[in-house]
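Based on the hints, put chain B in the right spot on chain A.
Chain by chain, the residues run as shown.
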Amino acid sequence: MGRFPLPAAHVLRGEDNKPLLSRSHPAVTSFTSSWRKPSVIPGFGLTLGLTLMWLSLIVLIPLAGLVLKAATFGFSGFFDTILNARVLAALKLSFGLSLIAAAVNLVLGLLIAWVLVRYDFPLRRSLSAMVDIPFALPTAVAGIALTSLYAPNGAMGWLFGLIGLKIAFTPLGILVALIFIGLPFVVRTVEPVLADIDQATEEAAACLGATRLATFRRIILPAILPALLTGFALAFARAVGEYGSVIFIAGNLPMVSEIAPLLIVIKLEEFEYEQATAIAVAMLIASLALLFLINMLQAWGRKRQGTG
Amino acid sequence: MNRDPLSVRIVLIALAFLIMAALIGLPLVTVFAQALAKGWDEYFLSLSDRVTLSAIKLTLITALISVSVNLVFGVIAAWAIAKYEFKGKSFLLTLIDLPFSVSPVIAGLVFVLLFGLQGWFGPALQGTGLKIIFALPGIVLATMFVTFPFVARELIPLMQEQGTEDEEAAVSLGASGFQTFWRVTLPNIKWGLLYGVLLCNARAMGEFGAVSVVSGHIRGKTNTMPLHVEILYNEYNFTAAFAVASLLALLAFVTLTAQSLLEWKKAHA
Chain A
1 MGRFPLPAAH VLRGEDNKPL LSRSHPAVTS FTSSWRKPSV IPGFGLTLGL
51 TLMWLSLIVL IPLAGLVLKA ATFGFSGFFD TILNARVLAA LKLSFGLSLI
101 AAAVNLVLGL LIAWVLVRYD FPLRRSLSAM VDIPFALPTA VAGIALTSLY
151 APNGAMGWLF GLIGLKIAFT PLGILVALIF IGLPFVVRTV EPVLADIDQA
201 TEEAAACLGA TRLATFRRII LPAILPALLT GFALAFARAV GEYGSVIFIA
251 GNLPMVSEIA PLLIVIKLEE FEYEQATAIA VAMLIASLAL LFLINMLQAW
301 GRKRQGTG
Chain B
1001 MNRDPLSVRI VLIALAFLIM AALIGLPLVT VFAQALAKGW DEYFLSLSDR
1051 VTLSAIKLTL ITALISVSVN LVFGVIAAWA IAKYEFKGKS FLLTLIDLPF
1101 SVSPVIAGLV FVLLFGLQGW FGPALQGTGL KIIFALPGIV LATMFVTFPF
1151 VARELIPLMQ EQGTEDEEAA VSLGASGFQT FWRVTLPNIK WGLLYGVLLC
1201 NARAMGEFGA VSVVSGHIRG KTNTMPLHVE ILYNEYNFTA AFAVASLLAL
1251 LAFVTLTAQS LLEWKKAHA
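Taken in sequence, the protein lines are chains A and B. Counted the way the numbering used here counts, the first sequence spans residues 1 to 308. Counted the way the numbering used here counts, the second sequence spans residues 1001 to 1269.
Chain A extracted, bound-state conformation (with noise of 0.2 Å):
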């Protein structure tokens, strides 16, 4: 039905009189209604109706349950909540340790990622290989086997021993941690963009003088700044709620070292719902915000990818 294009006469009309079909495209008009595109292809309605369903009561229902639950104590509950001085410590540490491991994993990614699209060398593709280990490691091996490693016995605790430092257990090994788990979002981000560049545009800067260094501030980091900014972001939002790798390092102390998912945990082992709830609701609204700028750097980032 409504494959073939409607001799004008035909146009079907509404008590108005106004025509029923878009005509924008003339090609081919359709019974279908204007928020989508026809196509040929059966399977439009069955296709999006399950997805949107398993999508519901899978991901949006128990999402919503939960903000309704917050909902049901009320503001003053939920802002009683989180401005105690426990939680607030513990969201301060999420998000800030956050921020500082996502800022190292920009420097670590760009470079790892710099050197795997530019250079040739032995191990290469092992090296590449290496990048997705945290991704792909379940979360509690990590823990463990970076608290075995940082804690003061172990190979790199002793190591930054000898400088004084004490890494596992204290709110440095939560650091390194989340650095571990955010790394490969950075690299991968930056990955594509920079193999992308086209290097004749390098090497006529080059040619009209431009330093290395120079070349590089002016023409590399401007076109890979979107997807930098994509990863930093990536890195970040899966550094707040991270829960499996950090646990095991954090020492958990309150006050110094709890995080705030670890809060959540405790506060529903204590039988504290309405608290659990209100901390999960505060992240969750920082998560959605999150995830909004990431989807708005992206969509500069192709816009840039685009015209540039």
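You can take every hint at face value.
Listed next, with one range per pair, are the computed distances between beta-carbon atoms:
hint, chain 1, residue 1, chain 2, residue 2, range
1, A, M53, B, G1174, 28 to 34 Å
2, A, L162, B, H1217, 34 to 40 Å
3, A, L88, B, K1131, 34 to 40 Å
I should point out that these hints are in silico values taken from the structure, not numbers from a laboratory. Yeah, the Cβ is synthetic: ideal placement off N, Cα and C, and Gly gets one too.
Coordinates of chain B only, in the frame set by chain A:
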């Protein structure tokens, strides 16, 4: 191909290796070194423990259910998004990605708030005798939430890249929708699909935070492998904790090796 002086190149490459070795290589080595610290006999002994075996079994069952369900719905969602043009598509994509940006702990919490004793449906459930929280259904639900985007996310760019011409040709030659999918689309996406399933499985088997909240940690009953690792570690039974962890690390290796193979296959196809 590049203009960087040799010295700069060497320093940067060395730095990259150093960072990767310290940050990622050493932890991996630690897992296996600790697991085998007391020799192979002790390693296999700790793996054949009854409680450990039941954790492995629970992990396999959980992954089997949640991965197959996500496989079906991932394919359906990818089809809806990649094969049609409609308004609100990018919003739908954002919603599908949502579990990526929600803390695993919150993913567990939402199901406690739905089905726990204090939850929305808790009292109603109590009458029926069906247990969701602190039981298998809750563990599966939390795992499905966390792994929701994996298959769809892997397939959507692939299916968008392939366009709709093949499917349109098949339909115009009289194939039904399902025939078109089975005979035309599926052969085109099978490697991407396999990779999505592997990633989904790796996450399903390794999920810790979300499952930890809904499991109740009942030894031999509701402990998955990652949760069992935590318990053994907290009991200072390091050899056993790292032995179970080494199995999960091997799973990560298999997943990444398969990824490399599939990428190589794609490049040489």
